[in-house]
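Undergrad: Spelled out, the chains give:
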Amino acid sequence: MVEHDRQDRFDREGSPGPAWMDSALALYREAAHFNAAAGETVPPAFAERLREAGRLAWAIGKLRRQREQIGFVPVPLGEYLRGLASVAAVALAPVLAWVGVSSTEPFDDEASASGLARLGEGLGMGFRQLLLHLRIGLVERAEGAPVAVLLASRAPGGHERPLVEECDAMIREVEQQYAAADLARLQRLEKTLHDAYAAKDTAAR
Amino acid sequence: MTPVMADDDFKDLAEGLAKLDPGAIQRFADVFGRRFCVYFLKRGLRPSEAEDLAVNCVTDIALKVPHYYRPQQAGGFERWVFVLAYRALIGWIRARPPMPVGTPEEIAPADKIVKLRTEEDSPQLLAVIEAVHEALQQLSPSEEAVVELRDLSVPHDYEEIGRLLGIPPGTARVYHHRALKQLRGILEGDPRIHRRLRLKTGCKPRERNG
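Line by line, the protein sequences give chains A and B.
With the first sequence counted from 1, adding 831 to any position gets you my numbering.
With the second sequence counted from 1, adding 10 to any position gets you my numbering.
Please note: incorrect hints may appear among the correct ones.
Below, in silico cross-link-like pairs of lysine-lysine (BS3-like), each with a Cα-Cα straight-line distance of 27 Å or less [stated by the list, open to error]:
id, chain 1, residue 1, chain 2, residue 2
1, B, Lys191, A, Lys1031
2, B, Lys52, A, Lys893
3, B, Lys29, A, Lys893
4, A, Lys1031, B, Lys29
5, B, Lys74, B, Lys29
A few chain A residues facing chain B, derived, Cβ under 8 Å [said to hold, decoys possible]:
id, residue
6, Pro849
7, Ala888
8, Gly892
9, Val995
If you are wondering where the hints come from, they were derived from the structure by calculation, not from laboratory data.
We put the CB at the ideal spot given by N, CA and C, even for glycine.
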């Protein structure tokens, strides 16, 4: 209450500065408060949570690096993530838990969209590529064959376009054969994921 | 008294994070995780909320360092981290369910945070902080001390300031008014403040001499 009394008294006395300057000083004050919070002790259980958060950041950072080196591979999202985790030698389960995504494939339920957007941001994977991996999973279930094999069968001599474009084009052809209900479900998934990415982007600005 | 922010001393830590050095990441988690939590608590979050948000910030901000932090940018690592944590706090407050009626004191600090400028992006917020920091350094020691006590900490009245600094309350008031007038002149001429002035009030900064 002492702080509130002081604030009240301060408010009554008023500030000789314009509102925009009060606002700028208030922001600086916040930064100074943050700075002053250094060195305080925390409970051991919370300190362990912080260490765990650090280990998680390291694991995601390694996955991201690996993804940047490997680039796009035409496999479903789960397979892609397991592959990255294996090559980067990190455990995938804590990463999936961090984004609140079930470890059960195919990761294409709309409820997972927010978590997937967070995962995509962490891995530096854009909306289009992440969605493409999800669509690959759906096509493989529909066609009963790996997309990599389907792609190879269409162009035995190699592709003229970049792999990601070639894959996208082929999948679009397959999706045109989807039943109306499946197509509508895919469109809902795309919109939900797009919105989740947009929300992450706004928050990150 | 809340200390005016010191110059950045986390250059090595930022470099280690950019290289994904496990030791640097753990140091970041240990040093800044505590700060996040303490700061969030002071801003009215419940202990469990403050801890959860602090843990999230450790992971999210550590991951942003290699891709967004530029060592040469103004303000240094510490302030860059603050801006991200500040934005995370605002997002958290906005996303959480409304507090029950009857708990105004608990949520008051958080509500005040949301009333601060929140529409600018991180580089803009960082630029405002840096502009204020540099402007404060141009004040005389007495004026800076009064501004610190009056505007950068729990607000003290002039009587308290006078007692703390060993000067009459009237003198403290004069110092304060003079300091704010000087700060206003400096900040109005600062192009980093220009953008938000234009956005908020349509004002334009004065021309700088030289």
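Undergrad: Could you run down the list of hints and mark each one as holding or not?
TA: Here's how the hints hold up against the structure:
In summary, the hint linking lysine 191 of chain B to lysine 1031 of chain A is not supported, as the alpha carbons are separated by about 40 Å, beyond the 27 Å threshold. Between lysine 52 of chain B and lysine 893 of chain A the alpha-carbon distance is near 34 Å, which puts this suggested pair outside the 27 Å criterion. For the hint linking lysine 29 of chain B to lysine 893 of chain A, the alpha-carbon distance of about 10 Å falls within 27 Å, and the restraint holds. For the proposed pair lysine 1031 of chain A and lysine 29 of chain B, the alpha carbon gap of about 24 Å is at most 27 Å, so the pair holds.
Between the alpha carbons of lysine 74 of chain B and lysine 29 of chain B the distance comes to roughly 12 Å, so the proposed pair stays at or under 27 Å and holds. Because the closest C-beta pair between proline 849 of chain A and chain B is about 7 Å apart, less than 8 Å, the hint holds. Using the Cβ-Cβ criterion of 8 Å, the hint placing alanine 888 of chain A at the interface with chain B is satisfied: the shortest such distance is roughly 4 Å. The closest approach between the C-beta of glycine 892 of chain A and any C-beta of chain B is roughly 5 Å, which is under the 8 Å cut-off, so the hint is satisfied.
Interface restraint check: valine 995 of chain A against chain B, minimum CB-CB distance 21 Å, threshold 8 Å, status violated.
This entry does not satisfy hints 1, 2 and 9, going by the numbered hints stated previously.
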